[in-house]
Amino acid sequence: MVGSTPLTELGGIILLSLAVSGTAVLLSTAAGLPLGALLGLSRFPARPLVMRVVYTLMGLPPTVAGLVVYMVLTSQGGPLGSLNLLFTPAAMVIAQWVLVTPIIVGLVAVAVEDRDRRYRETATVLGATPWQTRWLILREARPAVFAAVATGLGRALAEVGAVVLVGGNIRYQTRVMTAAIMLETRRGNFGAALILGAVLLAIGFVLNSVVYRLSASGGRG
Amino acid sequence: MWTEGLSKSYGSRTVLDIGRLELRRGEILAVMGPSGAGKTTLLRLLATLERPTSGVVRFGGLSWPDGRPSEGRSPSRPSEGRSPSRPPDGGHGGGELLAWRRRLAFVPQNPVLFTGTVRDNVALGLGFRAPRLGRDEVDRLVGATLERLGLGGLASARVGTLSAGEVERAALARALVTRPEVLLLDEPTANLDPWNVSVIEAALAAAAADPDRRPAVLLVTHNVFQAKRLGHRAALLVAGRIVEFGETRRIFENPSDPRTAAFVKGEMVC
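So the sequences go chain by chain: W and B. Residue 176 in my numbering sits at position 175 of the first sequence, and the numbers go up by one each step. Residue 192 in my numbering sits at position 126 of the second sequence, and the numbers go up by one each step.
Next comes chain W alone, as it looks inside the complex (with noise of 0.2 Å):
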């Protein structure tokens, strides 16, 4: 125990917060890259406008994200409301693929336009398919491409307020590491908040040390 909390059920709130937002994030990977590769090397009149608004959406406060989810996912009206996802870790999945989305495709889109164009050019003159250079570009962009990723992951973990509100932050259900800290600080069980805290900032360390060492590496390339 720690404080009024079992050890077991801590166990169980931080391997949510991982399955949550590692499922967000690999969804959001699956739409994000090619997206983000689409528009790092495409031209078209309306490209500095979509820019500007996966630049925005990148930003998007997590409160506002969960709102929007939430509206969708209400049974009382929302257009999805007949799927009952409302409180459940699938709601919880896609607040937070609403909130990484953009940042993976803001940041592939930098990191693959930021690639020398005579890569582009190489591929090209080859007699690549457009999506077979955006692969090829991809893939010499990889360490920009993970340490966006990884950015994504981060985000993730550390947001509290979409997760609350699509989720609940029901007991044994949908309540993740940060929702937990919250609860627990409210009530007085310093330790156990202190304790998902640390995990939280190790994760947080651990992610960032593989984001710095890819960006260097990347530098390079």
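A hint or two may mislead.
[Claimed, not checked] Beyond 12 Å from chain W on every Cβ pair, some chain B residues (computed): (1) Val81; (2) Thr114; (3) Glu116; (4) Leu163; (5) Phe180; (6) Arg185; (7) Glu232; (8) Ala268; (9) Ala272; (10) Ser322.
[Claimed, not checked] Just so you have them, the derived chain B footprint on chain W, three or more residues with Cβ under 8 Å: (11) 116-123; (12) 127-133.
Since the hints were derived computationally from the structure, they do not count as laboratory data. For every residue, glycine included, the Cβ atom is placed at its ideal position computed from N, Cα and C.
Here the structure of chain W is known, so what remains is to put chain B in place on it, guided by the hints.
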């Protein structure tokens, strides 16, 4: 491949204006000229990396920048409006532009290799152009081409470990292994030591003499001796215009333009 009324301008600055230039199969055309003469621009236009301001390039029944067959079939794809710094997107040009690019090879100055091994890079173009080739066959073709360019033992080497000469030869191998119909080369031996130069020149001469493929080779060089050694025909490009053009021997022995006489003697030409 030939050009008709080809010119390229950036704003009010015309960097190339050459009218008609013809590449012939089985022949090396050496294009010489001082820096800034437009030699690289010419290559980039032929490789469809830049769009002409006026005129066309014709190749294998197709035209660039129209991207449609010369017979005049109307295009059903969006027109390509691209800034000079961006290569036209092959997908939007339709199958014709892709087909064009897959029949030629272009080795720019300071070529880049993709992360991976030498073998992966050299096999890249083959992978796009002949995707059904088996791995064994690809390895055989890549191995033979690497041998010709003195890279036989380096197939598994990571590209980050290569010297400048090895990078240039690997880029050339990547181009030659696809047996293109047109080979465009931008200063392939600039800044290389004599051994690298001789290996590359031997490979180019052998490629041009390929009796089955008979590629048309356009070699941009500011090395007049190389132009004399390799070129069947030669052209002198000055300030975007062709000043002299014809059989290499005639140009060197009996140039008709004083600028040519000065250039082949190694004097500055403005």
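To see whether the hints hold, each was checked on the structure:
1. Val81: Holds: least Cβ distance 18 Å, greater than 12 Å.
2. Thr114: violated (8 Å)
3. Glu116: violated (10 Å)
4. Leu163: violated (9 Å)
5. Phe180: Violated, because the least Cβ-Cβ distance between Phe180(B) and chain W comes to about 6 Å, which does not exceed 12 Å.
6. Arg185: holds (15 Å)
7. Glu232: holds (17 Å)
8. Ala268: holds (24 Å)
9. Ala272: Its Cβ never comes within 12 Å of chain W, the nearest being 22 Å, so this holds.
10. Ser322: holds (35 Å)
11. 116-123: Holds: 7 residues of the stretch 116-123 of chain W have a Cβ under 8 Å from chain B.
12. 127-133: Answer holds; 7 residues pass the 8 Å Cβ test.
Checked against the numbered hints above, the structure violates hints 2, 3, 4, 5; every other hint is satisfied.
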